[in-house]
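J.: Generate coordinates for the entire structure from the input sequences, incorporating the hints supplied.
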Amino acid sequence: MDLEHFRNLGRQKVHLHPRYNLLLGRNGQGKTNFLEAVGYLGSLRSIRAAGRGEMIRHGEKMCRVSGSTASVGLERVLAFALTDKGRTQFLDDKKVISPEEYLQALKVVHFIPEDVGLVSGTPSWRRRVIDRSVFEVTPQYVSEYRRYLLALRQRNALLRKGRASKGELESWNHAVASSGARLVRRRRQLIAGLNPIMEGLGERLGMERVPGLTYIASHEGEAPADKAEGTSGSADTMPGEHLASDTAIEGGLLARLASLAEKEIKRGYTMAGPHRDDIVFYQRRGSEKTNLARYGSQGQKRVAVLAFKLALAALFNKANGTWPLVLLDDVASELDETRRRALGKIIRETQAQFFITTTGEDYMFLPADEGKIFQVNKGWLEPFEASERSGNGDGH
Amino acid sequence: MRYPRSIRLLIEEFKKLPGIGEKNAQRLAFYLLGAPAERAQALASSMLRMKETVRHCERCFNLTEDQLCDICLDPGRTEGLLCVVQSPLDLMAIEATGQFRGSYHVLMGVLSPMRGVGPEDLKLSELMERVSEGNVQEVIIATNLDVEGEATASYLVTALAPLKVKITRIARGIPIGGSLEQADSLTLGLAIDGRLEL
Ligand SMILES: [Zn+2]
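Chains as they are written, first to last, in the numbering used here: chain Y, 1 to 396; chain G, 397 to 594.
Misleading hints may appear alongside valid ones.
Incomplete in silico selection of chain Y near chain G, CB under 8 Å [to be verified]: (1) Gln140; (2) Glu144; (3) Leu150; (4) Ala157; (5) Glu168; (6) Glu170; (7) Ser171; (8) Trp172; (9) Ser179.
Think of the hints as simulated: they come from the structure by calculation, not from any bench. From the three backbone atoms N, C-alpha and C, an ideal C-beta is built for every residue, glycine too.
T.: Structure (structure tokens):
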């Protein structure tokens with residue numbers, strides 16, 4: 001990687017290890033900034049949801065980051081430049097206009113401490129994360145998603161008009177239901193693929209209750225359609241996952257829209273559909289499932305989100321045949337030694353390239369010969385001398 | 397640099413046309429500037445004449461210079477097969493296939509609450525009236541396959557249901573010469589749903 005004016009990072013070339021890269025250093029030295037640069041290179045998005053201007057070194061007009069990767073089989077050079085006016089991205093030294101095209105080149109999955117909030121945060125946050133993940137597995141999801149949004153906006157416009165004829169409303173119910181059913185099915189498919197991996201990872205990370213995801217459809221049962229959208233994730237019943245066909249989902253959604261119509265006309269918006277659905281974290285022991293947002297400790301939530309992110313990486317690999325880059329920011333500090341050891345083992349057995357930051361010297365017992373360790377100091381990455389590593393390393 | 401006012405005005409007029417930007421507008425204006433006066437005259441008068449003479453067919457709302465369009469007047473056309481389209485342009489596209497020998501009905505739009513278009517803004521009551529006359533055996537709905545076109549189609553199905561007429565929808569599928577691999581999944585999914593028995 002080649003860095004220029006990205007946050008506090010010095011202008012430098014960094015040779016990374018294809019397996020794991022451990023970044024050591026005190027807070028504020030630039031470890032997470034480096035993770036952010038790697039993440040932006042792959043996803044054109046800040047892992048900290050920062051604005052463009054924040055990523056440009058103070059006093060500079062632009063920043064530039066490039067990196068070469070062989071992660072999708074062939075050698076590619078990715079680069080981006082940010083100014084206060086906008087962003088330019090390059091693939092193999094050619095400017096790429098379409099972000100969609102650029103985004104196919106390198107996939108990234110990240111975990112930052114703030115992600116723990118995903119469990120108890122707003123449903124829209126969880127929907128966004130799930131939708132982006134579906135897109136990584138199924139690029140066509142973008143056009144399916146846009147089709148749904150358009151149908152939804154049309155129907156809302158009609159509801160706001162107030163005096164829609166029954167026939168006209170029905171035709172927009174159909175439009176919303178048929179495009180919405182596809183989104184629901186795709187999200188459920190993703191979750192069905194994730195759950196066994198997530199539960200397995202949870203078990204390996206020493207969880208007595210294994211984590212997973214439940215899809216709560218706003219058109220089913222006593223769904224949250226009637227509630228205002230708040231910091232939910234609070235559904236108390238944990239329905240089992242079932243994979244209905246598009247037609248079955250469409251029928252259910254259609255029936256729900258028909259019964260809600262009167263209320264919706266009063267409120268002026270569509271109250272059921274994938275835009276109101278929720279994806280809830282559960283923890284399971286045997287056949288007993290409980291809502292993690294409600295009954296989980298901070299530590300359990302942390303492991304659940306970590307398992308979710310690692311499961312996503314595995315699923316992307318399954319779908320695309322290549323592992324995404326995995327960025328783990330300050331992941332080990334809150335884990336006890338047994339869990340750190342378990343995480344180290346998972347990392348070693350996962351064929352992805354990892355970028356891991358840590359403030360302490362908790363190496364997660366990764367063997368020195370399978371990765372590289374950097375000391376991050378005032379924006380500079382320097383190879384960490386192996387001789388300085390005493391006593392860690394799991395017998396290696 | 398600044399153009400003389402009359403050139404500037406013409407460029408601005410061209411720019412209001414769909415698909416024409418500054419560059420193209422300049423090129424057109426300078427072409428006309430260099431062409432013989434008759435060329436500009438012919439262009440201007442044909443535009444005016446079109447505006448004066450073209451109107452919509454009173455029966456099907458296709459474009460015509462008379463009360464009824466050529467298709468409605470053609471005795472070789474079967475009235476039993478009625479194809480419903482969004483716009484005269486779509487009608488022309490189907491005509492270009494040379495395959496369809498039925499008649500048409502142009503809705504003059506599609507449902508779009510966002511743009512304030514409801515059923516009352518389309519040529520729907522006229523369609524209902526034509527179908528109730530009893531000569532139509534089959535209505536082919538040929539609105540676009542986008543969100544608005546589909547919603548309009550579903551509206552038509554409900555509206556026409558009491559008239560006990562056969563209703564069909566144009567098939568959706570893979571373009572001829574197109575490969576499956578390149579088709580988007582939405583199209584491919586619909587093509588599979590709409591498969592035909594051989
Ligand atoms: Zn006509």
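J.: For a quick check of understanding: which of the numbered hints are violated here, in increasing order?
T.: Checked against the structure, no hint fails, so every one of them is satisfied.
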